[in-house]
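Generate coordinates for the entire structure from the input sequences, incorporating the hints supplied.
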Amino acid sequence: MKMDPISSLLSYAGKEVVAKTVKEMLRKSKNIDKTLREEFKILGREMRIECPQSIQHYSITFKTKKSRVFSKKQKFNFGKVRRVSLQPIISLQPITDAISYTENGFEINLKRLEQDTLYLLEIEYFIEDRRFIDALINKNVSRESFGDEQYEYWMVAQFKHLNVLKQEFGVIELKDIDFGVDVSVYNDIKMKVPSIFTKQLEVAAKLLSKHHGGRDEQFRLYWQLQHLQRAKYSGEVFQILEQLQDLFLPLTFKRFVDVQKDFHFYDCERGQDFYETLPFPTWPKTMKVISRTDLNFNRPAADGLLIFKRKDLIKNLERIFNKGD
Amino acid sequence: MVGDNMINVYLPNNSLQGSEIPFYLIWQGSENIDLMIIEYPDDIEIKEIYNVSEGNFRIENSILYISKVDVNGYLGIKFVSKLTKPLVKKNIQVKIYKNNQLIYNEVKSIRLFRPEVELYNIPQHISINVLESKNTIKINISDKIKVANSGEGTAVLTLKCLEESQIKKYDPMGIDEFRKKFWNDVEKKIYNLKETYPEYASLLFAFVDFGKNPPVFEKSALAKIKEVFEGLIGAFEENEAFFEEFARIILTSYLKNISIVTELESFLIYLKSVYENKIIFIDAVNVIKVSTTPMKLRTKLYITDFAYNEYKPIDLGDITLISNKEFELPLYALFDFGIINRG
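Line by line, the protein sequences are chains U and F. Quick note on my numbering: the first sequence kicks off at 2 and runs consecutively. Quick note on my numbering: the second sequence kicks off at 65 and runs consecutively.
These are calculated hints, taken from the structure and not from any lab test. A hint or two may mislead.
With a straight-line cut-off of 25 Å between C-alpha atoms, the simulated SDA-like cross-links for lysine to any residue are [claimed, not checked]: (1) U/Lys76 with U/Ile61; (2) F/Lys111 with U/Arg144; (3) U/Lys167 with F/Glu95; (4) U/Lys16 with F/Asp134; (5) F/Lys149 with F/Lys290.
All values reported here derive from a predicted model rather than from experimental measurement.
As C-alpha cells, this is what we get:
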C-alpha cells in the first residue's frame, strides 16, 4: 500500500505500531497494579524498555498490610513473562520460592511475604512486535568522518512519537539504544605497512599457493625469498600479521576510540563493508563501534560523538613494524 | 520569555551527501511557542517530522512552518541531502515566535561532502614491457590511467569490462576458489536457516546472491545493496538468536575453507585495494591477460560511496594493450591513483 506524502512525513504507519505496543504494555502493567492493590499498597512504579533485547521491564514497590493475608496465591496471568523477581527492599535478597511461573504469567505465594514490609517486584515481558523500537526511535550516525586530522563521527537518537509515551506515571525509559558506527581504519594500515613487507607477503603467498607457474617461476620465487630473507621482517611475516590482527580485537581496539556526550561505548567488532564479497573480513577496512544511549519522555533526543584516536593506532602500527630499530 | 540558553538546537557539523541528517529542537516544556519557522536549503529535503500532527505544519518553498507540537518541548526532523557540488556549506535557520514576537533566531551550518572522482589521463595505447632476468621480473608500463579523488568522501571504484572488450578481467588467485567454496557453503546452510526464520528468507537469499555475483554499482543494485544490508542489520538488532545462527554459519563456512594462503592473499588484496586519496579499488584482486597481439580493453569505471550514491560511470573508451610477451597483469597496475591536493 502506498502512503500519501503527509502520512509518510509524519510516519503514521510507525505510530500505529508504537501505539499498539504501548497499549499492550500498559494493559499488562495496569492489570498487575489492579491485582496487587487487592492485597497491598503500591508506593511506586517504573517502566523501562531494554532496547537490545526488546524487553518491557516493569517494577513496582509495594507494602504489605499489618494484618495477616488470607488468600494463598495471587495470579498475574496477563501474558507470558520472561523473568520475575521479588525482594524485600531492605535486604534486596530475592525470595525465589515466592514466585512460580504459569503458562500465561506468574503467581506470587503470599504466604512467603512478611507483614508490614516494603517489597520490590520486577517483571519482564518480551515485546512481541519486533518493529517497535525502530518505529519509536529515529537513529542516525555519520557515514563517514570529515577531514583528515581527527576522525569524528556523530550519533543521534530521537523519538519519532512522543505523545504515545505520555502516561499517568510519567516516564517510560528506553535503555541502551544501540548505535553502530563504521570507523575507517584502512587508510592508516595501508600507509603504515612498509613496501618491503608487502613484497615479502607477495612472494610467500605465491610460493605457498598451488597456482604458481612452472619451474622457472618457482626458481625465481625461491631466489627472491632468499634475497628477501636478508631484509627486514624476514621470518616474521606471520607474527606481524598476528600482531596486526590483534589490533582489531575488541579489547585492543576500544583503546583507540572515545565516546562522548550523551552516549557511551559498549563494544566493537570488525566492520562489514557492503562492497566486500567476503562477509567475514580477515582484514577490516572499518571497525564497527557500538555505542549506547537512553531516551525518555523528558529527554526525547540525545546526541553523541565518537572520536577515533587514529594517532594512537598509527603509533601501535609503527611499533609493530619498527621493532628492533 | 524563552531565552537562547533554554533552547537546544542540534544539527551535525557535517554529513556525507545523500545520507540522512537528524535535526532537533528541545526547549523547556512549560514554554508555549506560537510558531516555529525552519528555513532549509534546496539541496536538502525533509524526510520525516516528529512530534507534530497533521494540520499543525506546512511546507512552502523550503520553509517549514510549525504552529503546534504534540508534546511541548520537542521538535524532531529528519532531513536527507541530495548530491550537489563535492563540498558545500549549507545553513538552516531557526526562528521561534511567542505572542507574535521573534524570541529566538539562530543559523546552524552543515558541511555536505562527497567523493569527486576525476580522470586526468586516459591513454589510447598502453605498451607493457616485461623484463625477465634470471632472478627478477620487472614490468614497465608506458602510460597509466590517472584517476584521482579530490572530494572529502571515500570513493569505491570497480571496473566493468564491456561485452565488446577483447580483454576480460578475472581472478587468478586462490582467493577466488575460496570465495566460491565459501559462498556455496553459506548458501547450503542458509537454506536451513530460512526454515527457522522464514521472515528473513528474502534477505538471506539476496545476501547470498550479492556474495556469489558481486554487483556493479548501478542505481538498482545500489538500492538493493542498501536495502539488504540495512534489512540484515535491522534483523540482527531485533532478533539476537537469528544473528547468532547467521554468524555461526559465516564463521564455520569461513574456517572450513580458509587456508594460510588465503590469509596472506587477503592481506595483499587489502593493501592493494586502498589508496591514499580516499579511494577503494575493489578490483585489486583481478588481473588481465596481455599478449604480443594488440588487443582492445573496453571498460567503464563505476563509482559509489559510503552512502550508496550512484555516480555517472566513466567510460574509459578503447585502450589498446600490447605486451612484449604473454603475461598476467594486475588490473591495478594500469592505474595511477596518485594524490592530488584536496585543499
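Earlier hints that do not hold, by number: none
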